[in-house]
Amino acid sequence: GIQVEQSPPDLILQEGANSTLRCNFSDSVNNLQWFHQNPWGQLINLFYIPSGTKQNGRLSATTVATERYSLLYISSSQTTDSGVYFCAVESTGGFKTIFGAGTRLFVKA
Amino acid sequence: EAQVTQNPRYLITVTGKKLTVTCSQNMNHEYMSWYRQDPGLGLRQIYYSMNVEVTDKGDVPEGYKVSRKEKRNFPLILESPSPNQTSLYFCASSLRSYEQYFGPGTRLTVT
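Order-wise, the sequence lines are chains A and B. The numbering of the first sequence is our numbering, which starts it at 103 and goes up by one. The numbering of the second sequence is our numbering, which starts it at -4 and goes up by one.
Be a bit skeptical, because a hint or two may be false.
A few chain B positions that, by computed beta-carbon distances, are all more than 10 Å from chain A [unchecked claim]: (1) Asp54; (2) Gln95; (3) Thr106.
Here are the computed distance ranges between Cβ atoms for each label pair [claimed, not checked]: (4) B:Asn68 <-> A:Pro111: 33 to 39 Å; (5) B:Thr104 <-> A:Ser109: 14 to 20 Å; (6) B:Val47 <-> A:Ile146: 26 to 32 Å; (7) A:Ala211 <-> B:Asp33: 28 to 34 Å; (8) A:Gly196 <-> B:Asn79: 37 to 43 Å; (9) B:Arg4 <-> A:Lys210: 27 to 33 Å; (10) B:Asn46 <-> A:Lys156: 43 to 49 Å; (11) A:Asn158 <-> B:Glu74: 39 to 45 Å; (12) A:Ser128 <-> B:Lys52: 19 to 25 Å; (13) B:Gly58 <-> A:Gly196: 34 to 40 Å.
FYI, nobody ran anything at the bench for these hints, they're computed from the structure. We treat Cβ as the ideally placed atom computed from N, Cα and C, and that holds for glycine.
Isolated chain A, as found in the complex:
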């Protein structure tokens, strides 16, 4: 099956810093999403981005499907950005969703 790898596994930032999170996938996919799991465990949909670039405030994402990766950019990080960021893909030929192991982000005040 498809393998989804996220890097880095852990990241510590000073408030105000920028960061880039990466998601690599091993095969063609139908869809790709980014989620944020906050420290209380809630999962929040950030982007649905099978290809191209999207922006939402301080967050933006880019997926290059032909090269099998996606990037999530966080600019001017805030303490409320802390949590775990997951990338999830849907395999072609079916409707299974496969998650990466996540990037754990801690933003220091």
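Given the coordinates of chain A, assemble chain B onto it according to the supplied hints.
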């Protein structure tokens, strides 16, 4: 308010005692899914449903059952729970299989 609800939120049970975790959505979504989350493993899909009476296995279906008799409900059934099913469980729904919205999670402990 558009939401996915799960009940119970916390459950401690003993090995072999059948249990059901309910999931309900009020968004008229066709696609619903169950995941389990374990430390270091991210979320793994247990079962998903594309519509009423249509369900299929995810990556870790062993030990679980589901049913989709109504569009809004997608219960997860553990016929004979075992300690390795101790986990955090999430239900999700979406209009199609992407842009999923997640419930608050159910923390299950099997002793």
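Structure-based check of each hint:
no.	hint	in the structure
1	Asp54	7 Å, violated
2	Gln95	7 Å, violated
3	Thr106	22 Å, holds
4	B:Asn68 <-> A:Pro111: 33 to 39 Å	36 Å, holds
5	B:Thr104 <-> A:Ser109: 14 to 20 Å	32 Å, violated
6	B:Val47 <-> A:Ile146: 26 to 32 Å	28 Å, holds
7	A:Ala211 <-> B:Asp33: 28 to 34 Å	30 Å, holds
8	A:Gly196 <-> B:Asn79: 37 to 43 Å	26 Å, violated
9	B:Arg4 <-> A:Lys210: 27 to 33 Å	31 Å, holds
10	B:Asn46 <-> A:Lys156: 43 to 49 Å	28 Å, violated
11	A:Asn158 <-> B:Glu74: 39 to 45 Å	42 Å, holds
12	A:Ser128 <-> B:Lys52: 19 to 25 Å	20 Å, holds
13	B:Gly58 <-> A:Gly196: 34 to 40 Å	21 Å, violated
Hint check: violations occur at hints 1, 2, 5, 8, 10, 13; the rest are consistent with the structure.
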